[in-house]
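Trainee: Spelled out, the chains give:
Number of protein chains: 2
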Amino acid sequence: MATLSAAAATVDGTGSRTLHANSPDSKKIVGVFYKANQYASLNPEFVGCAEAALGIRDWLESKGHQYIVTDDKEGPNCELEKHIHDMHVLITTPFHPVYVTAEKIKKAKNLQLLLTAGVGSDHVDLKAAADAGITVVEISGSNAVSVAEDELMRILILVRNFLPGYRQVIDGDWNVAGIAHRAYDLEGKTVGIIGAGRIGKLLLQRLKPFNCNLLYHDRLTISPELEKETGAKFEEDLDVILPKCDVVVINTPLTEKTRGMFDKERIGKLKKGVLIVNNARAAIMDTQAVVDACSSGHIAGSYDNYPIR
Amino acid sequence: MATLSAAAATVDGTGSRTLHANSPDSKKIVGVFYKANQYASLNPEFVGCAEAALGIRDWLESKGHQYIVTDDKEGPNCELEKHIHDMHVLITTPFHPVYVTAEKIKKAKNLQLLLTAGVGSDHVDLKAAADAGITVVEISGSNAVSVAEDELMRILILVRNFLPGYRQVIDGDWNVAGIAHRAYDLEGKTVGIIGAGRIGKLLLQRLKPFNCNLLYHDRLTISPELEKETGAKFEEDLDVILPKCDVVVINTPLTEKTRGMFDKERIGKLKKGVLIVNNARAAIMDTQAVVDACSSGHIAGSYDNYPIR
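Chains as they are written, first to last, in my numbering: chain X, 865 to 1173; chain H, 865 to 1173.
Hints should not be assumed to be uniformly reliable.
No copy labels: a pair is met if it fits in one copy or bridges any two.
[What the hints assert, rightly or not] Restricting the straight-line Cα-Cα distance to at most 30 Å, the calculated cross-link-like pairs of lysine-lysine (DSSO-like) are:
| # | residue 1 | residue 2 |
| --- | --- | --- |
| 1 | K1133 | K1097 |
| 2 | K1053 | K899 |
| 3 | K991 | K1135 |
| 4 | K1053 | K970 |
| 5 | K1072 | K1108 |
| 6 | K1136 | K899 |
| 7 | K1053 | K1092 |
| 8 | K1128 | K1097 |
| 9 | K973 | K927 |
| 10 | K1121 | K1136 |
| 11 | K1072 | K1097 |
In case anyone wonders, no lab produced these hints; they're calculated from the structure.
This is chain X alone, in the form it adopts within the complex:
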């Protein structure tokens, strides 16, 4: 357990790699990833699929560990189920997650480490894992640049009304007015960042040259240096920041406190015509309330993650 905890810590960048088998302490490690099929071989850097298995097979096996990799994770006869009773480590991703329920944890008598090769452990019943003494680890920060870039892209796509134009090109149409009547510059708009952690801070830096009015809300303020660099202003009260924003970007983790945070009442506090980018978990939004507000025009555009659970 100590060794594994150390290993868990290392992937977070806080130490050297120490996951090794003190024979006979060979570990059974199960990795669950999506299959890439024809895409697997197109890019040697594309390691997040079942075929490439994070690129760590040789290393793990050289240390004497057993490494089982599958994409088959559902139902009583799935491949995962065959190994759940004696695996020591389970590696999974947010893109093809194993939902590690209390029931699964009960079956996994040898499980010591639950590792998310990505960010977000909301697919794990954290209380049940803690009660069973299992270390749960995610690779915090590994996606921060990607998500910040993605969010700025989505802000621009919404503000500039890109997709209707794209669809016109694909369909062979040409109706400038249908796009231009609601296409804007980002410059001068008020953008509110809900959750200014690793991702939110990178987004604020990338938004800075766009000459927006930048606001943010979090439990804690960012550093005075970053406030000065980005010009972002802190707003303690979520219900005060929301009516001010032309664009709202959501960067909070999914916890019991943030689940359904954007419900009908809170969405009602948003400015009419607001644009929303939620690159956090879908369950932070009340999906039906978002759909209703999009239908009524209260929300003019919204990017959300699929509620895949």
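Starting from the structure of chain X, add chain H where the hints point.
Mentor: What follows is chain H alone, placed relative to chain X:
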């Protein structure tokens, strides 16, 4: 003519508005814009359509001028043709341009001012206009922020491989590998700006926080201050800059020198897998050469304007 030249200068921001009728010097002004139909009334700020007519009708008429507005610009019996013989001013846009040929200029005996409500006068036979003593004016810089924002959006869309994911969502598919195997971060990529004028400079500033390797090519260098601020490096030789770039952004005006600038040979000098954003005129690219290079995979993705002429 002096009065009209002064007026032309004013829209470029260099003076006060002086277009007025020294009765009986009332001018006949023809504006040609696309019709917005149902979209015209949805946004009071949407003035670029025939219905809103740039929002200058009251002002022009209060000064004693006649203001004819139409979208009907093609063929011998079109509305434009009815006014071509006695109009003094023609206002047109790049989105629905009147192609002002030598033939049209010959007919337009009274024409004094050709005004593009936008940027780019490549729809005008400039030599014929100059020979006829007609002032040709465009609103330089009016689109600079919009285009720079749009270019950064398109860079991110290409690098992050957004559109295949969007299409999956629309089609109800879910194949992460099909997108992820060629989705990248912009961070660390080499971006080359071909043409660092008003737009290119704004784009360099907006790219700065993305931590790219920024290169640019132009006839002139940007200021040392802006080079320092953005970290962009000048490259005098187009054929030297091209093989270095993961992303190429084209911001040059269309002139006889730049027409077909990206031909088969020059495209062959680009890095394999390059991404191209051309928000300048389509004719800068050899369309067939771009299509061929996209088919072969030499160009991995390209945004271009429609060759509408």
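Trainee: Evaluate each hint against the coordinates.
Mentor: Structure-based check of each hint:
Taking the shortest alpha-carbon separations for K1133 and K1097, only the intra-copy value of 19 Å comes in at or below 30 Å, while the best inter-copy value is 46 Å. Taking the shortest alpha-carbon separations for K1053 and K899, only the inter-copy value of 28 Å comes in at or below 30 Å, while the best intra-copy value is 41 Å. Taking the closest pair of Cα atoms, K991 and K1135 never come within 30 Å of each other, the shortest separation being 38 Å inside a single copy and 51 Å across copies. For the identical chains of this complex, K1053 and K970 are neighbours neither inside a copy (51 Å) nor across copies (46 Å), given an alpha-carbon limit of 30 Å.
In this assembly of identical chains, K1072 and K1108 lie within 30 Å of each other by CA distance both inside one copy and across copies; the values are 18 Å within and 28 Å between. Taking identical chains as interchangeable, the C-alpha atoms of K1136 and K899 lie at most 30 Å apart only when they sit on different chains, with a minimum of 27 Å there against 42 Å within one chain. Taking the shortest alpha-carbon separations for K1053 and K1092, both the intra-copy value of 19 Å and the inter-copy value of 27 Å come in at or below 30 Å. Taking the closest pair of Cα atoms, K1128 and K1097 come within 30 Å of each other only inside a single copy of the chain (26 Å); across copies the shortest separation is 50 Å, beyond that limit.
Taking CA atoms no more than 30 Å apart as the test, K973 paired with K927 passes inside one copy only; the shortest distance there is 23 Å, against 88 Å between copies. Proximity of K1121 and K1136 under a CA criterion of 30 Å is satisfied intra-copy only: 26 Å inside one chain copy versus 48 Å between copies. With identical chains, the CA atoms of K1072 and K1097 are at most 30 Å apart both within one copy (12 Å) and between copies (22 Å).
The structure does not agree with the numbered hints 3, 4 stated previously, though it agrees with the rest.
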